[in-house]
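Participant: As you go down the protein sequences, you meet chains V and X in turn.
According to the working numbering, the residues represented by the first sequence are 97 to 212, in order.
According to the working numbering, the residues represented by the second sequence are 91 to 203, in order.
The reader is advised that the hints may include incorrect statements.
Now the stretches of chain X that chain V is said to cover, found in silico as 3 or more residues with beta-carbon under 8 Å [as the list claims (entries may be wrong)]:
#1 130 to 136
#2 141 to 148
Each pair of labels, with its calculated beta carbon distance range [said to hold, decoys possible]:
#3 X/Q104 with V/I151: 29 to 39 Å
#4 X/E148 with V/E137: 27 to 37 Å
#5 V/E137 with X/G173: 17 to 27 Å
#6 V/E148 with X/R184: 21 to 31 Å
#7 V/T210 with X/S98: 27 to 37 Å
#8 V/S162 with X/G106: 45 to 55 Å
#9 V/R118 with X/S159: 16 to 26 Å
#10 X/T200 with V/E148: 22 to 32 Å
#11 X/E105 with V/I151: 41 to 51 Å
#12 V/G169 with X/E105: 43 to 53 Å
Cross-link-like lysine-lysine pairs, in silico, BS3-like; alpha carbons within 30 Å at most [stated by the list, open to error]:
#13 X/K146 with V/K158
#14 X/K95 with V/K140
#15 V/K140 with X/K146
#16 V/K158 with V/K140
Calculated from the structure, these hints are not laboratory results.
Yeah, the Cβ is synthetic: ideal placement off N, Cα and C, and Gly gets one too.
Listed below, chain by chain, are the residues.
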Amino acid sequence: NAGVMQNPRHLVRRRGQEARLRCSPMKGHSHVYWYRQLPEEGLKFMVYLQKENIIDESGMPKERFSAEFPKEGPSILRIQQVVRGDSAAYFCASSPSGSWGSGEQFFGPGTRLTVL
Amino acid sequence: DQQVKQNSPSLSVQEGRISILNCDYTNSMFDYFLWYKKYPAEGPTFLISISSIKDKNEDGRFTVFLNKSAKHLSLHIVPSQPGDSAVYFCAALRGFGNNDMRFGAGTRLTVKP
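Looking at chain V on its own, in the form it has when it is part of the complex (with noise of 0.2 Å):
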């Protein structure tokens, strides 16, 4: 009964590189999150995926930022030519459907991305 998992928890990146983070949700969900948090402030909702669909990326800045949630396998954020300002814990979290209100979103334990 493995709740959402995160990979990798910590993630050190130069400059430039690109950075994959992992995200498997909760065994019977279908709706995926992706939060991030800068030091010394909240989560910032960033994207919202069902299978093999981008339902809601309003909060994922325009460039360098995609997502995916395939049919088979973890959703994955990627973020390409790294730059410092991306350095923050990015969390993950699914629920079984696409409401919010109820608390029915579980989080991942996040990864750490640090941008040298």
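Given the coordinates of chain V, work out where chain X should sit on it, guided by the hints.
Facilitator: Showing chain X alone in chain V's frame:
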């Protein structure tokens, strides 16, 4: 644009006493509010929520109060226990089912034995 604010970065309380965590918001369109708790090296976990049609919601030792006119909500924990020591995030939504949840910066609660 910080639409959800938690002005106290930290709070220290004695075990057995009441902990009161505060949250203010600026967007009058928010109508659903949630509190999450976060331990180090873990993701946030849902604690309690309240709809704008209510002014109070209680779940065991946790009670959330909402003052819509003041755009203020608070989380009361009584009695506080050392295991409650964590970072607490307030979050707000515009409309049930909306995806764009806004979080406050969090308040670190320390409950001393």
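Participant: With reference to the structure, classify each hint as holding or not holding.
Facilitator: Hint-by-hint comparison with the structure:
1. 130 to 136: holds (count 6)
2. 141 to 148: Result for this restraint: violated, n = 1.
3. X/Q104 with V/I151: 29 to 39 Å: Given range 29 to 39 Å: violated, Cβ gap about 45 Å.
4. X/E148 with V/E137: 27 to 37 Å: 30 Å Cβ-Cβ, so the 27 to 37 Å window holds.
5. V/E137 with X/G173: 17 to 27 Å: 26 Å, holds
6. V/E148 with X/R184: 21 to 31 Å: Holds - the Cβ-Cβ distance for V/E148 and X/R184, about 27 Å, lies within 21 to 31 Å.
7. V/T210 with X/S98: 27 to 37 Å: Once the Cβ atoms are compared, 28 Å apart, the range 27 to 37 Å for X/S98 and V/T210 holds.
8. V/S162 with X/G106: 45 to 55 Å: 50 Å, holds
9. V/R118 with X/S159: 16 to 26 Å: Given about 45 Å between the Cβ atoms, the range is violated.
10. X/T200 with V/E148: 22 to 32 Å: 44 Å, violated
11. X/E105 with V/I151: 41 to 51 Å: 44 Å, holds
12. V/G169 with X/E105: 43 to 53 Å: Since the Cβ atoms of V/G169 and X/E105 sit about 46 Å apart, the hinted range of 43 to 53 Å holds.
13. X/K146 with V/K158: Violated, at roughly 39 Å.
14. X/K95 with V/K140: Holds, because 13 Å separates the two Cα atoms, which is no more than 30 Å.
15. V/K140 with X/K146: 26 Å, holds
16. V/K158 with V/K140: 15 Å, holds
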